Amino acid sequence: MVDIRADSAAAIPSSPPARNRDLRPKRTFDPMIILWIVLALLLLFLIVNPLLRLIVDSFRQVNGSELTFANYISAFSRARHIQAVINTLWMASFASLIAASMAVPLAWAVSRTDMPGRDLAHASVIAAFIIPTFLGAIGWMLLAGPNAGWLNKIWVGIFGTATGPFNLFSFWGLCFVVGIYAFPLIYVFTRSALDLISTEMEEAAAVHGAGTLRTMMKVTLPLALPAILGAFILVFLETMALYGTPALIAIPARYNVATTQLATFFEHPIRVEVAAAFSMPLIGVTILLLWVQRLLLSNRSYVSVSGKGGDRRIIRLGPWKWMLAGYALFISLVTVLLPLIVLLHCAFAKAWGRGASLSNFTLDNFYHIFFEQMTVRQSMWNTFSYAAVTATFCCAFGFGVAYIVQRRLLPFTSVLAFLALSPVIIPGIVLAICFYAAYAGAPFYLYGTSAIIIIAFITRFMPIAFVTVGTGIRSINPELEEAVRILGGNRLMVLRRVVGPLLKKTLLGAWILTFVLATRELSTAVFLSGPETRVISVLTLDLSEQGRYEILAAMGVVLLFVTTAVVLAGMRVLGRDFMLRRT
Amino acid sequence: MQKLNLKGLTKRYGEVAVVDHIDLSLQEGEFVSLLGPSGCGKTTTLRMIAGFIDPSEGTIEMNDRLMSSPSAAVPPERRNMSMIFQSYAIWPNMNVFENVAFGLRARKLPNDVVRRRTTEMLEIVKLDQLSERYPNELSGGQQQRVALARAIVVKPEVLLLDEPLSNLDANLREEMRGEIRRLHDEFRITTVYVTHDQSEAMAISDRIAVMNKGKVDQLDVPVNIYRRPKTRFVAGFIGRTNFIEGRPNGEVIDFSGFNVARSSLGTAAIPAGISTFSVRPQSMEVLSARPADTKEPVLAGKIASRTFLGETWDYTFASESGLRLRVVSAPANALEKDQSVWLRIDPSQIVRVEDSPADA
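So the sequences go chain by chain: W and Y. Its first residue numbered 1, the first sequence is counted upward by one per residue in the working numbering. Its first residue numbered 584, the second sequence is counted upward by one per residue in the working numbering.
In short, the hints are calculated from the structure, not lab data. Keep in mind the model is a prediction, meaning the values are calculated, not measured. It cannot be assumed that every hint is accurate.
[To be verified] Ranges between beta-carbon positions, derived for each pair:
#1 Y:Gly761 - W:Arg572: 40 to 48 Å
#2 W:Arg407 - Y:Gly761: 30 to 38 Å
#3 Y:Asn754 - W:Phe45: 57 to 65 Å
#4 Y:Arg595 - W:Ala565: 38 to 46 Å
#5 Y:Asn807 - W:Arg496: 55 to 63 Å
#6 Y:Ala753 - W:Thr392: 34 to 42 Å
#7 Y:Asn694 - W:Arg407: 42 to 50 Å
#8 Y:Gln669 - W:Leu508: 24 to 32 Å
[To be verified] Rough simulated footprint, nothing fancy, chain W against chain Y, three-plus residues with beta-carbon under 8 Å:
#9 611-621
#10 809-818
#11 869-879
No residue lacks a Cβ here, since even glycine has one placed at the ideal position from N, Cα and C.
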């Protein structure tokens with residue numbers, strides 16, 4: 001054996017004794033406090049101030065400074081305004097029900113049964129998740145518009161009737177389109193709950209004489225119910241706050257919802273103060289429902305599960321499996337295949353109404369948006385650059401706050417965590433009003449700049465980046481970091497050699513997630529973007545109003561192409577379902 | 584020479600003193616275990632020595648230099664210690680070689696020295712064949728060796744171990760225990776070892792500090808911890824024991840049913856009044872016939888219950904005077920329940936125990 005002692009003692013002074021200069025007095029002033037102050041100021045700027053301005057402005061005289069209840073009176077004294085709120089609640093309820101009726105059977109089929117094509121069904125959900133809702137809505141306008149819609153034309157062609165049966169520009173059309181693009185969230189929650197329920201529970205029911213159906217109704221679904229209801233609430237909140245689809249469908253249908261009503265306050269003359277007052281019920285409902293959702297999910301007793309319960313027993317459905325597969329195919333058709341086909345066709349068509357033929361094929365639309373139409377090119381560039389900046393800031397900032405919170409490096413970290421999470425209570429469109437009120441005018445004058453959109457986006461996606469990165473940090477055992485310290489590395493080395501490398505994938509995943517979400521964000525951008533700072537989602541509304549669907553579809557295809565490429569790259573590195581892990 | 588010196592070391596969280604005025608000093612090259620149940624403050628003490636936690640009161644000195652005090656502290660990376668963690672804390676993003684070389688690189692040693700010392704160390708722990716492997720390709724025992732090599736290669740002033748064997752299965756635990764002791768004997772690194780496993784502490788330590796509720800009940804060599812427990816807590820925590828009450832009466836101590844001369848007891852000083860004594864199940868013998876001609880005290884009674892454990896019989900003996908005592912006996916000495924038996928006690932193994940300072 002080599003004598004390591006003698007050897008190294010001669011080669012180097014083995015361990016220099018700790019010297020007194022290493023002794024660091026606990027100063028009353030810790031330099032980490034500066035970091036704390038910087039983070040707190042940023043959160044103050046991004047979250048607290050805009051929210052306070054919203055509340056203050058709701059009590060301020062229009063274009064004045066006196067405090068008043070007049071805004072609340074003008075916001076809620078007109079029947080039309082009240083009706084908009086009621087309409088929103090109806091729309092969100094039915095859309096969420098449609099989403100649940102798609103998501104729950106599909107999740108159960110994929111998680112538990114021998115339905116053929118389960119992987120395809122799952123992939124189709126991911127695809128539906130990637131398609132921005134406003135593009136889906138455009139696709140469905142082309143499919144089920146009252147006269148020229150493809151489905152109506154096909155119907156007329158087959159049955160020879162005068163008009164087709166579908167009218168998307170109706171209450172039910174609105175609920176349908178909103179619902180079919182909200183369902184992936186319920187699917188994800190239901191599926192992960194079903195995956196966690198031990199099959200032993202089901203087998204116990206079977207041993208005691210329950211059949212497949214009975215087991216499902218009496219054991220499986222009740223166990224998963226809190227998760228399903230929790231997801232239902234999230235979808236309800238999301239659809240309630242949606243602006244794009246209502247703007248595309250509800251306005252032509254002359255059906256007023258809360259978000260479209262908010263937009264009318266931003267028509268000239270702009271009445272931010274009334275909009276602020278009008279948005280209070282939206283925030284109230286959000287807070288209330290998030291609280292209910294937390295109650296539902298915090299009651300852990302229903303998850304009679306920790307880890308997976310051994311082998312998954314697959315339920316044999318017999319001939320029923322084909323029915324279920326048919327339903328899955330139907331979902332895939334309405335959410336992904338049909339809208340994608342019409343959008344692609346439209347993007348490569350001279351005129352979308354003329355059907356699919358070689359004479360109708362052209363690449364002009366793409367030439368147009370890349371080389372001629374400066375507005376479109378500008379908005380595509382804006383979309384991707386804002387999204388990239390937003391994602392980068394969200395990840396950096398989310399990491400900073402999450403790391404400090406998890407490792408308790410500074411006092412009062414729970415305040416930071418609370419602030420970083422607090423934007424979840426503000427619907428996107430209300431966030432736009434907050435930022436408009438806080439930073440559009442004096443003293444910042446940010447209206448029409450990229451900065452106001454980017455900071456609003458950062459605020460909007462801060463919670464999701466914070467939670468995603470925080471989950472990653474939680475999975476790093478603090479002892480890995482302490483081992484660096486005790487072996488002679490400082491805090492910087494901890495970050496560089498251990499935390500950084502271990503968190504690389506989490507950060508990449510969080511970046512892609514925020515990037516993709518930011519490329520499609522509409523409601524936060526809608527009141528904040530000026531002529532130079534429009535993004536694809538905002539431009540979609542303009543182009544749709546002008547009826548320029550071919551240009552719009554080409555732009556949408558570019559957006560989908562970039563998003564899909566980024567997501568696929570993410571999947572290669574991070575695994576198939578990284579986008580779906582949501583908390 | 585005193586290597587490490589804890590003086591009045593205290594850590595409070597709010598009102599609760601997790602570590603309560605601990606005094607402990609280690610000689611150069613000594614192996615001391617902190618032994619106690621969970622929540623006794625042993626890990627907090629270790630983490631204060633490492634510099635991860637600052638004391639509320641008291642000081643830690645190493646080589647007569649101040650390391651920790653409530654007002655100033657040397658950060659962990661400047662203490663020249665190393666630590667082995669309960670989770671091993673092997674960095675999953677580095678291979679075995681890089682893990683072991685880390686401390687040397689952090690000390691900014693020239694590359695060839697890092698390479699040579701790491702290679703030598705890997706040979707010593709028999710990991711030289713695996714130096715390119717990543718931690719997820721290693722077994723628990725191999726990961727433990729990486730942790731050991733990584734901690735020792737830097738020649739720390741003090742080596743700290745935080746329940747390093749608790750995640751291993753029983754056989755491997757014994758093997759690694761031997762490995763830790765072997766490396767200690769080879770390098771003579773002053774070591775503080777935290778464990779809740781008394782047999783582990785017995786097997787590996789030069790001295791053991793038994794901790795209870797933030798205080799050290801007894802600091803002694805392993806044999807004395809077992810045979811001469813100072814407190815009720817130590818006697819009960821280390822192995823199993825019976826507690827009986829006795830009262831001095833002239834030159835003898837009266838127990839219920841028998842008495843023993845003061846001079847033949849294991850403890851010298853016995854105050855007036857009732858005292859508690861510990862007598863181990865192994866220091867008594869149950870016999871089916873009355874022993875003739877013995878100077879040791881003998882009690883008549885019955886077998887109240889019995890359990891066969893394979894290596895031993897575990898009897899509960901009920902004396903006529905009302906004592907119930909657990910006694911361990913060889914497998915061959917099979918006695919029936921309710922059988923009349925006699926119990927012979929070795930008086931030199933009856934030890935007076937006090938209340939724990941933490942319970943007083």
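Now for the hints, and whether the structure bears them out:
no.: 1; hint: Y:Gly761 - W:Arg572: 40 to 48 Å; in the structure: 46 Å, holds
no.: 2; hint: W:Arg407 - Y:Gly761: 30 to 38 Å; in the structure: 36 Å, holds
no.: 3; hint: Y:Asn754 - W:Phe45: 57 to 65 Å; in the structure: 60 Å, holds
no.: 4; hint: Y:Arg595 - W:Ala565: 38 to 46 Å; in the structure: 56 Å, violated
no.: 5; hint: Y:Asn807 - W:Arg496: 55 to 63 Å; in the structure: 49 Å, violated
no.: 6; hint: Y:Ala753 - W:Thr392: 34 to 42 Å; in the structure: 51 Å, violated
no.: 7; hint: Y:Asn694 - W:Arg407: 42 to 50 Å; in the structure: 32 Å, violated
no.: 8; hint: Y:Gln669 - W:Leu508: 24 to 32 Å; in the structure: 30 Å, holds
no.: 9; hint: 611-621; in the structure: violated (count 0)
no.: 10; hint: 809-818; in the structure: violated (count 0)
no.: 11; hint: 869-879; in the structure: violated (count 0)
The structure shown violates the earlier hints numbered 4, 5, 6, 7, 9, 10, 11.
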